[in-house]
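**Student:** With the first letter of the sequence shown counted as 1, position 199 gets the number 199 in full-length UniProt numbering; the numbers rise by one all the way through.
Simulated from the structure, these hints should not be mistaken for lab results. Note that the structure is a prediction, hence the values are computed from the model and not measured. It is possible that part of the hints are untrue.
What the hints assert, rightly or not - FRET-style restraints, in silico, Cβ to Cβ:
{"hint": "1", "residue 1": "THR121", "residue 2": "ALA141", "range": "35 to 45 Å"}
{"hint": "2", "residue 1": "SER4", "residue 2": "ASN119", "range": "18 to 28 Å"}
{"hint": "3", "residue 1": "GLY205", "residue 2": "PRO117", "range": "43 to 53 Å"}
{"hint": "4", "residue 1": "SER105", "residue 2": "HIS50", "range": "31 to 41 Å"}
{"hint": "5", "residue 1": "LEU191", "residue 2": "SER161", "range": "38 to 48 Å"}
{"hint": "6", "residue 1": "LYS110", "residue 2": "SER142", "range": "24 to 34 Å"}
{"hint": "7", "residue 1": "THR49", "residue 2": "THR96", "range": "25 to 35 Å"}
{"hint": "8", "residue 1": "ARG206", "residue 2": "PRO115", "range": "24 to 34 Å"}
{"hint": "9", "residue 1": "LYS211", "residue 2": "THR49", "range": "28 to 38 Å"}
Stated by the list, open to error - Pairs of lysine-lysine, PhoX-like flavour, derived with a Cα cap of 20 Å:
{"hint": "10", "residue 1": "LYS173", "residue 2": "LYS211"}
{"hint": "11", "residue 1": "LYS110", "residue 2": "LYS164"}
{"hint": "12", "residue 1": "LYS37", "residue 2": "LYS173"}
Note that the Cβ used here is the ideal one computed from N, Cα and C, for glycine as well.
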Amino acid sequence: MESSQPIVVSPQTPSELLSYIISYHRYPSTIIIGSSKEEFQNSLIEEITHDLTLQEEQLRLQDYRNSETQPSHHLLKAPLYQIAISRHIRFLFAPTVTHLRAFLSVFTQKDSPIPAPPNYTPNSRPPLLLVYGLLALHRDASEWSAQGISNSAALLVDAASRNKFRAAIIELKGIGGHDTLDHLGGEMIPLLNGTSRRDDGSWGGRTVSAKQVLSRWFEFDTREQESSLARET
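Assemble the whole structure, with the sequences as input and the hints as a guide.
**Tutor:** So, in structure tokens, the structure goes:
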């Protein structure tokens, strides 16, 4: 697979997304979060708090009360170099489909306020233009259809190609999201905007799978996250 091929990567939680970006980013990659900044931060805090609570419970059950072991989360003890690296990644927040499309329509790296890292030397591998939660952003809007998602996906691919970036999509993992790529790809979507649901929850008109919609532009990468995108570094 060519490094410029648009891809859909396995769903990730907010902390998994940030860990990947910190570990495998390449300047001047741009990450578009499909929510408001406040919503994303709240989700991240909730996830980390939940993980710490589970660790505390596990330690308690193992009777580690007298141990110096304390619950921890990797994002809370990031080395300074990871923090420094993360400052060279551009993060944007698109709380609606309209915001996302408006940004993609005018996207250019030239107007980014994010500086290059010291001694930065460009290479032949393109940086990422990644949307986190593209499907989720459409799900509760009038654009939840193959028609609406296709319009946004086409804008993403065009914006990436125009700027010599690589288009990528990562969906949310967990409650309200998807656990695997197969789960994501199998979600059924109405063909047209405005399709109503029946009483049993099914769609009233013709439907297609998310994979059918996105495969027009994107390859579904079934490998592990680290191996699938590590080439971007």
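**Student:** Checking against the hints above, which ones are violated?
**Tutor:** 5, 8
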